[in-house]
Structure formats: structure tokens, C-alpha cells
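Listed below are the residues making up each chain.
Protein chains: 2
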Amino acid sequence: MTIKDVAAYCGVAVSTVSRVLNNHPDVSPETRSRVLEAVDKLHYIPNNSARDLVMAPADTIGLVVRGAENPFYTPIIRTIEERCEEAGYTMVLHQIPVGADEISAGATLVRSKRLKGLIFLGGRFDYSRAEGDAIGIPFVCCTNTNQFGDLDKSVYSSVSIDDYAEGYKATKLLIDHGHTKIAVLLDSVRDHSISELRYAGYRQALVDAGIPLDEDLVLETVDFTMSAAYARTLAALEARPDITAIFAVADSMAIAAMKALHNVGFSVPGACSVVAIDGIEISQYTIPTLTTLVQPQETLGEEAFKTLLDVIEGTAPNRHVRLETSLREGETLGKARS
Amino acid sequence: MTIKDVAAYCGVAVSTVSRVLNNHPDVSPETRSRVLEAVDKLHYIPNNSARDLVMAPADTIGLVVRGAENPFYTPIIRTIEERCEEAGYTMVLHQIPVGADEISAGATLVRSKRLKGLIFLGGRFDYSRAEGDAIGIPFVCCTNTNQFGDLDKSVYSSVSIDDYAEGYKATKLLIDHGHTKIAVLLDSVRDHSISELRYAGYRQALVDAGIPLDEDLVLETVDFTMSAAYARTLAALEARPDITAIFAVADSMAIAAMKALHNVGFSVPGACSVVAIDGIEISQYTIPTLTTLVQPQETLGEEAFKTLLDVIEGTAPNRHVRLETSLREGETLGKARS
Chain A
1 MTIKDVAAYC
11 GVAVSTVSRV
21 LNNHPDVSPE
31 TRSRVLEAVD
41 KLHYIPNNSA
51 RDLVMAPADT
61 IGLVVRGAEN
71 PFYTPIIRTI
81 EERCEEAGYT
91 MVLHQIPVGA
101 DEISAGATLV
111 RSKRLKGLIF
121 LGGRFDYSRA
131 EGDAIGIPFV
141 CCTNTNQFGD
151 LDKSVYSSVS
161 IDDYAEGYKA
171 TKLLIDHGHT
181 KIAVLLDSVR
191 DHSISELRYA
201 GYRQALVDAG
211 IPLDEDLVLE
221 TVDFTMSAAY
231 ARTLAALEAR
241 PDITAIFAVA
251 DSMAIAAMKA
261 LHNVGFSVPG
271 ACSVVAIDGI
281 EISQYTIPTL
291 TTLVQPQETL
301 GEEAFKTLLD
311 VIEGTAPNRH
321 VRLETSLREG
331 ETLGKARS
Chain B
1 MTIKDVAAYC
11 GVAVSTVSRV
21 LNNHPDVSPE
31 TRSRVLEAVD
41 KLHYIPNNSA
51 RDLVMAPADT
61 IGLVVRGAEN
71 PFYTPIIRTI
81 EERCEEAGYT
91 MVLHQIPVGA
101 DEISAGATLV
111 RSKRLKGLIF
121 LGGRFDYSRA
131 EGDAIGIPFV
141 CCTNTNQFGD
151 LDKSVYSSVS
161 IDDYAEGYKA
171 TKLLIDHGHT
181 KIAVLLDSVR
191 DHSISELRYA
201 GYRQALVDAG
211 IPLDEDLVLE
221 TVDFTMSAAY
231 ARTLAALEAR
241 PDITAIFAVA
251 DSMAIAAMKA
261 LHNVGFSVPG
271 ACSVVAIDGI
281 EISQYTIPTL
291 TTLVQPQETL
301 GEEAFKTLLD
311 VIEGTAPNRH
321 VRLETSLREG
331 ETLGKARS
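Heads up: the sequence lines are chains A and B, in that order. Position 196 of the first sequence, counting from 1, maps to 196 under my numbering, and the rest follow consecutively. Position 93 of the second sequence, counting from 1, maps to 93 under my numbering, and the rest follow consecutively.
Looking at chain A on its own, in the form it has when it is part of the complex:
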């Protein structure tokens, strides 16, 4: 299939097809639409590298995802990709392991591809000024506020929930159901990321309710894998069978914790309640259904892209968007056993 076939099919000159494909103005609307229809119908692929070189990769956006194994990110990635497509941008996805440094990965991406902007999904919240400078193009932290870093708020954007407030809310739910032996299941209390913030909310909720912090009930897993969450919960239940509730900082960890509870014969929520934050699709189908604070995943993706586009196109300055969760009332929250 060549440009000549398209021209023959439409009964126009090759140069006319070329003008249509190159968006020249001197083609009648009817001819233009006839040619474009034929291009589609015949599956013609313009094979003009020089033109592609100039047109194609100009509007590329990088998406750096840390810990993409988490199904929580899937709808966010899909939404960002859809919005990119609609706006005529290409999305280049770069996934990095949980332990890797997304800023240097982002800087490398910027250096090796021609990017107009970057979105960081997941990751650390402590980018330094030097790291911010290393990016050198507009960027948005999605599900990340960078509140531990010293970046000037005006040099980047962020779109996320208020992790501290939501951690507080989840813990308060358990306290309101009479729980005092509340374990928190998280990556690390000093991960400079969501675990640390949600843990701070947990602590404050305990303080406000007059419940002393019990270090044994702080279950750190070192990573976000389900296998680590499972093993850590199992060990905690053996050491401290008086636990009556678990606040997991992520749905996936909560699902692993429920499996551990089940395997040691703790009924949920009879013997132990479980509350989480995220709201991934699959946690609607766990047995029992997980009670969780649902993040607006599509909206997070949409806002991240919209914010980035505004900054790239200069229609608005960097901004920091906070979104709310909504409680999905599942079946894992009950009164504390006495």
C-alpha cells in the first residue's frame, strides 16, 4: 500500500494526498475527507521518516510509576493514557521497582527522550531542590505531595488525597467501634511516603482518643508486597493475640492480612476488624468484603494530566490538588470483642 494506491483509489493526484497528510490548507474539505477516509479504509501508513521525525515525538509525556505491581495504579495509568491520547500526546511509561529512585529515573527519561512533561505515580515525598532542578521540565506528583522535600511549591504540581487525614479517618472508624488494640500494617514508619503520613494520622487518632501507642502493634513490612504483609500479620497475631483490629495502609496489604487472620482462625470481623485505604476493584470481592476508604482513582489520573497540560501550555501555574476518599462500607468492620 503506497501513496499512489491511495491517490488512485480517490481519483486524485499523489501530491493532493500528500497535501492532505501534511495538513496543507490548499485542499477542499470534500477532497480532504475523501482522502482521509481512504487512508483509514486502506490502512495506509505514510512512510515518510523525515515528516514523522518532525511531527511525531514532539508531544511526549513521561509517566514514571514506582511499584506498578499494585493494582491500585492500573485505573490511574489507564486514565492518564486516555487523556494523553485525547490531547494528542504520547505517553511513555517507565516502571521502576519499589526500591529504585524515581527522580533519577525521571531525569534519565527526560535526558534520553524529548519530553514535554512528567508525571510521577507513587514514590518518595522528599525530593530535594537539586532533584527538582534535575527534572528541568514541568512535573506532577500523582498520589504524592512531596511534603518531606524542600522543593518550592511553585516549581511542581501535586494531585493526591490527604494521606495524614485519611489515616486518621480510618483509625477513628476503628476507635468508634470500641477498638483500642489496633495494629497498623504498613511499609515503614519512616518511608517518607504514604506509610509515614498515614501512620502519623493513625498516631494522632490514638492520641486524641487517649489510647497509648503500643509499638508491638506497629507492623512494618519493609515493602508493599502481599507476601510480606501476610508474613508480618501472621507473626503479629502469634505474638499479640489481643489485637482486635488492623488498619492496613493499602487494600492489597489488607487482603494479605485477612488471609493471615483466616489461617490462624481469627474470624473477620468477629475476632478482628480490618480497615484499609485505596479501594481497588478486587477488594469488593474478598470474603468478607473489605471496608476501605476509596481513592477516586480515575479522578486522580484526570487531574494529574489536566494539571500537567495547564503547566505545559502555560494556561495555569503549578497547583496542588487534594481529593477526598469515600468510605466503602464492606463487611470487615465490627465492634471490638470484649
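Watch out, some of these pointers could steer you wrong.
[As the list claims (entries may be wrong)] A few chain B residues facing chain A, derived, Cβ under 8 Å:
| no. | residue |
| --- | --- |
| 1 | Pro71 |
| 2 | Met226 |
| 3 | Ala256 |
| 4 | Lys259 |
The set of hints was computed from the structure by calculation and includes no laboratory data. Note that the coordinates shown come from a computational prediction; the quantities given were computed from them, not determined experimentally. Beta carbons are placed, not taken as given, at the ideal position from N, Cα and C, and that holds for glycine.
With chain A held as given, fit chain B onto it using these hints.
Same frame as chain A, but now just chain B:
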């Protein structure tokens, strides 16, 4: 941060830094490594669009994923992206809805970006010759064999399990446990994709065991969503409480079916066994643990990329790789109730 800062930091001329960045041969190894270290350390980003234009987007590979909501694809996408990175390629991800046509999406991608090759993840198995021609660059069908299409095997590659054989195997497992009232939960018996093939395996296993096909036990959901799988199972159990086993063509559908079984008071596997194909991480944590034929997800991604690279670089012709599943013995397979 400019090229001058890098030069000053290293104590070399600006032109030397430039030569290193442009891979000119006339720089000593020590100077080269000193400059590259400084570039990394100072987070210097070369700001030379002309050079980027020529160098950067040349080696781009497109990945078209249909139904990316399925967590089954996550490790495959991650693996392909990692291998691309290692080989110096950029991966452009394009996700399309389950109902969309990946071939025309792929052709558009090829037309609008400069791609060296394409990987289709998921999707139809019935590409026509014209559709194959429309791609115009090397492509690999991953988890897809295109066996319903009329493409010449030499014009594309594929990497997948043998869906027919694995459907047979899953059904045979249930038959060997004494089941005869075996429901099959799938998208559609005529989806020209994995459902149709795994269903054919199911039918053949029944035939070989002398069990007549019972149309009531063929549970079509029209799509791969968990909500549809849940609703369809619920309706089937009401209409046909004599069902003693379910073969779900995907883990995610099996998890939804288990929820439906639970909600109508069917114990698993006491009242009803469940067997699936896929082996996503989360199905290790369902209660009870899902018994499933695990696809080698990382290997699927690795083989897909390796095959594409061989074809792009001309080191090997198109090939068709079949991989085996391995049985994960969970807790959802039991003897048929009598």
C-alpha cells in the same frame, strides 16, 4: 545547570563535554568517564533539541494492551518495559477498552509515532491479511496466537500458552475429581479469543469423558469484568443449584464467582469446586486459595520482547512460541458432592 557548569566542574573544555555527550571517539576513556560521572552527579540534562530529535525516538516499540484492567497483564507489561529499557528501546503504551479494535489502534500508533515494532497484549485472534498488512512493521501477539485469522504465520510472531490444551486440562482436573455438572464461566463462546479456545478445550474434555454438554452450564458474561462474572454466577446458581464445579477462564472471574458462591451459601470446595487459568498474585490470598493453572507471566513478556527484537534486527524470522502453565494447588478443588 548548563554544559559550562559541567565543563567547569570537570576542568575540561565545553567542547570536550559536548564530544562525550555526542559519543565522539576522540576523548580519552578517563575524561569520558569523568564527564559522564559529573553529568550524573550534577543531574545535567543536555538541552539540544536537534540532537534529541535525531537520537531519541528512533528505537520505539509500541505496546497495545486490550483490557488492561486485568491484573494478569501487570507483570507482563512490567517485564516488556524492563527488557525494552535494557535494550535501549522506548516503550510507548497504548491501552484500549475490551470492546475496541486493537489492530486499527496499532495501525494508528504506527502511523502517528515512529515505531520499530509492536506487541499486542490480549485481544482478538482473527486478524485478516489486510489487517496484518496495515501494521506494516514487525509485530508479536502476546497471549494471542491469531489462530482464527488468515494471516500467514511468517508475517507475525506469537507468544502464548496453548489455550485449548489448558482449557482441556482445567476441565479434566474437575472431571477427575468426580464432577459432571461443571459450569464454564467465560466472556463468550465466540469471542475469537481466549474464551472461545478455552471453551473448546472444556467441550472436548467433556466429550472425552462421555459427559453431554449442558447449555445451561455455559455461563457467558459478554465482558471480562468481575461484576459481570459475579452476576452471571449468581443467576446460574439460582437456576441450577446442581452445579458442583466451575471452570473460570480467568482468575479474576473465578474470584468474583467465589464471592457469588459464598453469598448464596455454597461452600468452596465442599458444595462447589472452582478452577481457573492465569495465576495472578492476589488469587494466592483469596479465602480459600484459588486452584489455578499459572501462566508464566514474566516469561511471556520476556519471550515477546526477545522475539520482536530478533525480527526487528533481522537475526531470526517470525516464530510462534508456546509456553506451558503450571498447576498451583490451592484449596478450591475437591471431590464432587453426591
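Checked hints:
1. Restraint check, Pro71(B) versus chain A: the minimum CB separation of about 5 Å is within 8 Å; hint holds.
2. Look at Met226(B): its Cβ gets to within about 6 Å of chain A, closer than 8 Å, so that hint holds up.
3. For Ala256(B), the interface hint holds, since its Cβ comes within 8 Å of a Cβ in chain A; the closest pair sits about 5 Å apart.
4. Taking 8 Å as the C-beta contact cut-off toward chain A, the hint placing Lys259(B) at the interface holds, the least distance being around 4 Å.
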